[in-house]
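Undergrad: Protein sequence lines correspond, in order, to chains V and W.
Taking the numbering used here as reference, the numbering of the first sequence is continuous, increasing by one, and the terminal residue is 393.
Taking the numbering used here as reference, the numbering of the second sequence is continuous, increasing by one, and the terminal residue is 133.
Heads up, a few of these hints could be off.
[As the list claims (entries may be wrong)] The calculated BS3-like cross-link candidates involving lysine-lysine, where the alpha carbons are at most 30 Å apart (straight line), are:
1) V:Lys338 / W:Lys47
2) V:Lys291 / V:Lys305
3) W:Lys47 / V:Lys319
What the hints contain is simulated information worked out from the structure, not anything from laboratory work.
Since the structure is predicted, the reported quantities are computational estimates derived from the model, not experimental observations.
Here is what each chain is made of, one letter per residue.
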Amino acid sequence: MTTIESLQRTSLHALHTELGGRMVSFHGWELPVQFSSIITEHRAVRSAAGLFDVSHMGQVFVEGPGALALLQRVNSNDISRLQDGRGLYSHMLNENGGVVDDVIVSRLAENRYLVVVNAATREGDAAWIRRAAEGFDVAVEDRSEALGMIALQGPLSEKIMEALSTDAVALPRFGAMKLELFGRSAWITRTGYTGEDGFEVICARELATRAWQTLQARGASFGLLPCGLGARDTLRLEAGYLLYGSDIDGEHTPYEAGYGWVVKLKKGEFIGKAALEKQKTEGIRRRLTPLKLLERGVPRSGSEVVFEGEKIGTLASATFSPTLQAGIGVGYLNRPELPAGTPLSVTLHGRAVAAEVVEGPFYKRT
Amino acid sequence: MPDPKSSRYMKSHEWAALDGDEVVVGVSDHAQHEITDVVFVDLPKAGRTISQGEAVAVVESVKAAFDIYAPVSGEVVAVNDAVLQNPGLVNSSPHDDGWFFRVKPGNPGELDALMDSEAYEAFLKSEAPAS
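Next comes chain W alone, as it looks inside the complex (with noise of 0.2 Å):
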């Protein structure tokens, strides 16, 4: 499954890891800290396409609900059931069991372009707030 050190990232904390020629998406696991207990998840149907930055995916917390964007274009070939059925994977397993889609990316250059690993825990570094 996919490793969160070698996954991409977005700044609105999704990330997106290569899987042969499949791209798996989900929520970071600082995300899912931030968004709490998660209760609902909705996702895109399979054979759906997608463009990038496209707010297509919701996750609700008991509080709030928040919108998850495509990391890369493409058409999406499955979507984790499962995530669906039991959403607390996204808390419990959020770079494993509590991923969201696949997509057969239209254009391989736009996961290059996201946040590495090391970025993106800077990135949260220059967000976190001063204490």
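Isolated chain V (complex conformation) (with noise of 0.2 Å):
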């Protein structure tokens, strides 16, 4: 175990203490799980907005005349459909079409480019990416641990936004842009983990906390509340988003994992399509499945799902869902065919728990 004290904090962990945020150990970083509630929280991020600390997260920039071939190298989804000042979302594979991260890259100008990384990842993300660099013209920075990051997000979050930067609002859905805040450079996204509108603001260490308490004086009256890391894994498990390390990691495909869209095949060469062409060809034997309790209950990472008798996999990730008030949970099943009304069930306490095959994402906005 970990000690909380040997735990790296972010540049917002007074406020947090100040709010009364009950902290826990995160991979390696010492975060709020809670402020008010998980499902308050959760509640407020789906009819009003929510204020998140995710300064864990790592930023690499990626300069050159070499940057769009690195990245297409490294991704894969297809960077040289970016125009600046728009991002997307993206998978950096090994060489057996493994995740190594899931991403968002952002085209902040031609030849400079944001790669927005996981906590637990990020030195190795950077590590690779400098790997894949060598005989390209291009620098790879890996500025995390000089830059913090807040995300704002549900419904009223360009009202509150505003407060910040009124540029910003007019941002379309992964739009990116690079502004003075506070006198800093500071860069603004129109992206999220949550299934809502939202923004994510990524600024020097040093402003961070005036960043966050400028957005929550705003949002104050619009219903914001600070939230914790529960309430963003069950908001991000409701909307489809994957965890890395959990629902994705080196040894799982992104068609394996559901998401064959962030694959382009016919963009050119990148790591792991050889893999990913030969998986095609030959068909998947497990998928990331999304299915829903029927009765009351709570599954958990790691419950056993069951289907005719027979143990077919275990739940990666699972929750209660507020929105659904029901148990949901992905789990890689290795009978991948199994439609959406499939029953089966999910053991629980050593007792079968009726469940059935969804459709995903268990949420989507209106």
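Hints are included, so try docking the two chains, each in its own frame, into the full complex.
TA: Here is the structure:
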């Protein structure tokens, strides 16, 4: 066990404590799991807005004449489709087609890109990109330690973001912009991990508290709540987003995860392409399958899934869905063909609880 | 309904209150605060014989599951259907509407041996992390 004293703290740590955040350890970081309650925070994001400290996430800047060619090589998605000020979701793959990380790549300008990566994989990702960069005329700079990151999420995000930047409000979904914030360079993207409209603000570490307080002050009258990792997880799972390390890793491919849309086989060469072409021809043997409980109960990561008396997999991520008021989860089932509506069961506390395969995502904003 | 002041407590935060010749069982306000949003409760069936200290019920939040231990031995004579249907009662009314089950105690001495509310308060203080 990692003791809490040895954990890294974000620049918002003092503020979280002041706001009553219940701090937990998460991939080497000390972060709030909740402030008020997971369900209260979840509902605030679905109906109004929520503010998340995501400073543990990493920011890798890729610059130079070879930037596009390098990013094409390490990404499954087609980075050449990006215009200035636009981003996309992508997977970085290993040679076997397994996922090294899931990232958002934004084109800030010609030959200048921002790659936002997961906390747990950050150092590995930067090394992975640098290794692939040999022979390319490009600079790869991991600026994660100097930068803070805040996510403002929810249907009322636009009204609240105005307090920080009126220009950002004009961003389209997956838009990205650089701006001056409190006299320093900052970046705002219209992205998130909740299934709602929202923004992510990347700024100098020292300015993150000021950015947070500005948004919180404006958001108070709109019902904005500070939110922790707990709500972040229930929101993302409802929205069908993957959690790296639980739902995807180096042993699972985007096809198996049900994310074939991030793989653009026609874009040219990229790491992992040959393995994915082979898998596409042969078909997948397991699929990250969404399912919903039909009885009361809370499925958990690791719960067994049983179909016609046979164990066919375990849940990778699972929780109680505040929106559906039911247990939900996703797991790699070795029966990838099972369609929505297929009855199965999840074993909870030694008891078979009725469930069925559903079409993901569990929640789509209207 | 049970008065938290006259209830008895376990170190695992269940309360037990004598009501006539039955014992009503639930979890303390402190426990519901620590568990946070209760989204699922599983209770023993009426008619089941339980032993003191046995894990007989489960309470789950969004993040975790918690075992509930029997404060006294005896026969479960009634369970709270309302809390099964609306687990949030554990948070909103832990010592009243959020009760779990009623036991016909087999050994009345067990109840008296549990902590009273003053002892439980002192126990909570001793458990509190130094701040």
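Undergrad: Against this structure, judge whether each hint is valid.
TA: Checked hints:
{"no.": "1", "hint": "V:Lys338 / W:Lys47", "verdict": "holds (28 Å)"}
{"no.": "2", "hint": "V:Lys291 / V:Lys305", "verdict": "holds (14 Å)"}
{"no.": "3", "hint": "W:Lys47 / V:Lys319", "verdict": "holds (26 Å)"}
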